[in-house]
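Asker: The primary structure of each chain is shown beneath.
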Amino acid sequence: MRRLLPIALIATVVLPLLAFGLFPMILVIARAFDGLDALSEPTALWTTLSLSFGVTAFTLLVGVPAAFALARCELPGQRRLRTLLTLPSVVPPYLMGIAWLDLANPRNGILNLLGQWVDIYTQAGIVWVLGLCFFPLVMLPVLATLERMDASLEESARLSGAKPLTVIRDITLPLAMPSIAAGAVLVFLATAATFGVPYLLGTAGPRRITVLTTAIVDHITVGGDAHFSKAMALSLLLLVVSAAATLLGSLATRGERKYAIVSGKGARARPLRLPTRTRTAIAAVLWGVVFVSVILPIGTLAAVSLLRAWGAGLGPSNWSLDNYRRVLFENKHTIPALLNSVMLASAAGLIAVVVGTVVAYLRARQPSLKTRALAMLTHAPYAIPGTVIALGLLLGWSREVRFIAFDRVTLAIDLFSGLGALLAAYVIKYLAFGVRLAGSGLVQIDRALEEAARTSGASRLRAATDVVVPLLLPSLGAAWLLVFLPTLSEITMSILLVGPGTPVVGTILFELQSYADPPSAAVLVVLLVGLTLAGNAALRRITAGRGGF
Amino acid sequence: MSSIALTKISKSFGKTRVLEGIDLNVAQGEVVALLGPSGCGKSTLVRIVAGLDQADGGEVRLGDRLVEGPGVHVPPEARNLGMVFQSYAVWPHRTVAQNVGYPLHVRGTSRSERDERIRRALELVHLDGLGARYPHELSGGQQQRVALARALVGEPEVLLLDEPLSNLDARLREEMRRELAELSARLDITVLLVTHDQGEALAIADRVAVMRKGRIAQLGAPEDTYRRPNSLYVAEALGPINVLELANIEGARVTTRAGLTADVASDATVDGFVLAVRPEWLALEAGEGAIVESSTFLGERRELICKAGGVSVRVAAPPGVSARAGDQVKLVVRDAILLAKEG
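Going line by line, the protein sequences match chains A and B. In case it helps, my numbering puts the first sequence at residues 1 to 549. In case it helps, my numbering puts the second sequence at residues 1001 to 1343.
Careful: at least some of the hints might be erroneous.
As the list claims (entries may be wrong) - Covered by chain A, according to a simulated footprint, are these stretches of chain B (three or more residues, beta-carbon under 8 Å):
id, segment
1, 1074–1086
2, 1098–1108
3, 1147–1155
Unchecked claim - Under the rule of at most 20 Å between Cα atoms (straight-line distance), these lysine to aspartate or glutamate pairs were calculated in the DMTMM-like manner:
id, chain 1, residue 1, chain 2, residue 2
4, A, 163, B, 1155
5, A, 163, B, 1053
6, B, 1307, B, 1206
7, B, 1008, B, 1059
8, B, 1330, B, 1271
9, A, 163, B, 1157
10, A, 332, A, 511
11, B, 1307, B, 1327
12, B, 1330, B, 1280
As the list claims (entries may be wrong) - Estimated spans, in silico, between C-beta atoms of each pair:
id, chain 1, residue 1, chain 2, residue 2, range
13, A, 451, B, 1015, 37 to 47 Å
14, A, 163, B, 1169, 32 to 42 Å
15, B, 1179, A, 368, 22 to 32 Å
16, B, 1015, A, 276, 20 to 30 Å
17, B, 1303, A, 354, 52 to 62 Å
18, B, 1071, A, 313, 32 to 42 Å
It is worth saying that the hints were derived from the structure and are not from the lab. Glycine residues also receive a C-beta, built at the ideal position from the N, C-alpha and C atoms.
Produce the complete structure using the sequences and hints provided.
Answerer: In structure tokens:
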């Protein structure tokens, strides 16, 4: 047993991680040096940077005040506002992008029916859509910090003679700085790595705005050795950008211990005493944010999915379920794609949870350099853009591309005709969720509970299955859903890795949107949004409100 | 420095009545301790004095100034108070000097004067030279001193202490307790102290207010309240006490069911009263009537549990007493008090 366990572990966890995670990255970096001439045209890089900074600024401007208002202003309808304000980050940005395309494309967008006054095919349009999707990434950590902050930190400033606004400036904001920085980095990374929205509104739009991720995919689509190398070079560039942002973020949050703001007593901060009128006004502004970021786009999609004919008005006379029938039953790819995606997402979630639990357990119970490296290996890919992960897998393991590393092993993946590669990509990308949730669940389980099982005569494995796993189940359920939900409608990696004859939701959606069939795309989006929101509700239930949004 | 005058302070949280008409005057330069178990309302009372909570009714005056009353609520920053919190509330993003100097900084005190007063405040709490450190580089006891220096630096009218010592270990607590008592006497400062530790209250305070369910059960000098509690509740709040059922009263002589007798002049009745005897009010003599059940050496004293007439009695004896478990002894009541039974 003692000998078998490490071997089994190496075979099922360590080797696959190395083969599908680390090895492809090394290949990408090695191959990148053949295509360095792609870097002579730096527009894509500048666009990526300017979009990322733009979206980060947008999310800070919305997210920080929103967090503060929710934490300290005692707003009417606070709980509902809070739930609704976190929803935008649950719905994949590409779906929101489709909604905004229907709303604000310059030719026949709904907002432009009364005169052409907004154009979504711009950098500002991309910042707008991504900003509305990503602001919860700033709001949530800041909110958590503000709520955990010991009340007496602010109260003692009041007693020192500071007025409420001075307290916010001198005490509250500086103490929230690490979480503000962490949120900002998260948004920057997400924007730099995103493919769907910049493609939809930029590269596929009239101005052909190109960012690194779309340039990479374009090179791959064109095909050929030279372009493949260029894609690798751009991937390396994207990796460098992501690594730089991560580094900056860890510098900004370095003094975490210095900023330990949770005391044992944990009295919650008292809300600001504001006049009712002010509170109502603030709540109204936040409802405005909810309307623009959730209700308007999702409502639009729901309406568009019902339209009999695009451009024949939005009223009920033009409504029908025809689109649903057409997309679900007449398009013979939709149902298989949904099945494939549900299957893949379930499997990816399951693998991520099992591997994540094992890694988190080893990390928590046997801290050593080896287990730390293992945990790193599972965490790192989350910060790697999906395009780069997919390219690495293509490069290392696909037969279509001629730079196959191990032809025989590749055969095994080919047997799944593309689904295998997708599964590997999904698991690698989202494994971090499994490890993190299982890890935080483990930390909450007092070690003595497990030790009591051991002293009662249970083996290590037995103690783990009898005591630890049952206590861990809610966290594991949450982890599974957290992997399942984004995987279900994943686009970037799907487009690059899907094989012929094996459609998944992401590729079908991409096709429908590309064929300029907004109502059909909207049908699929409505189904996905529904599934996502249901999953999210389940997540909240499982974790009693601690997970999900 | 100024006095604190509380008149008929009441406060409810939802349907729970936390304070029911508290009257309390703290004279200028006096130290008053609010003592009671958690939930008795003592923290709420001090937060109302600070202006952190608003009273539902009643008045708070600091000196001549009305700071809380019908239609009046002076915000905490305008009350000129110093407060030390249980969690210290030392700001982690500011150095020790920046923490301590904050009240002066907010008031716009000049740089040179500020530096001088920070230096003096740090000296006062024995943290000289640590101004440039960050809080996480300090021990818990040192952080506590930073909080105290910050509370004192602005020369507040009143110092509020909310369980200031409860996060310290026993030795540090002893040390800080002495220092607080010494400091408050030396600075002649008006202090309202909240604590659930009777030792802390007795050691630091000029007067102790024992609180119970939103009311002050007894207010008096530490020795008086300890020696002459007006109820069993107060007696137990201030330290261990034996509660003995009565068997007989003959004039001033009271006999308990445990067989102990005491001379306590009173108009008490056998059924409605008990005899309350603190462990150190009992003495051991050679003789009979009680059996030593356990004998624990505690350094400065010896604690014995004796069985007398089927009742366990706690005795604090000098450490040199050689009684052992199983020995026959006689218990002599040197002091006692008759208190009404509580329903």
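Asker: Hints the structure violates: just list their numbers, smallest first.
Answerer: 6, 8, 15 and 18
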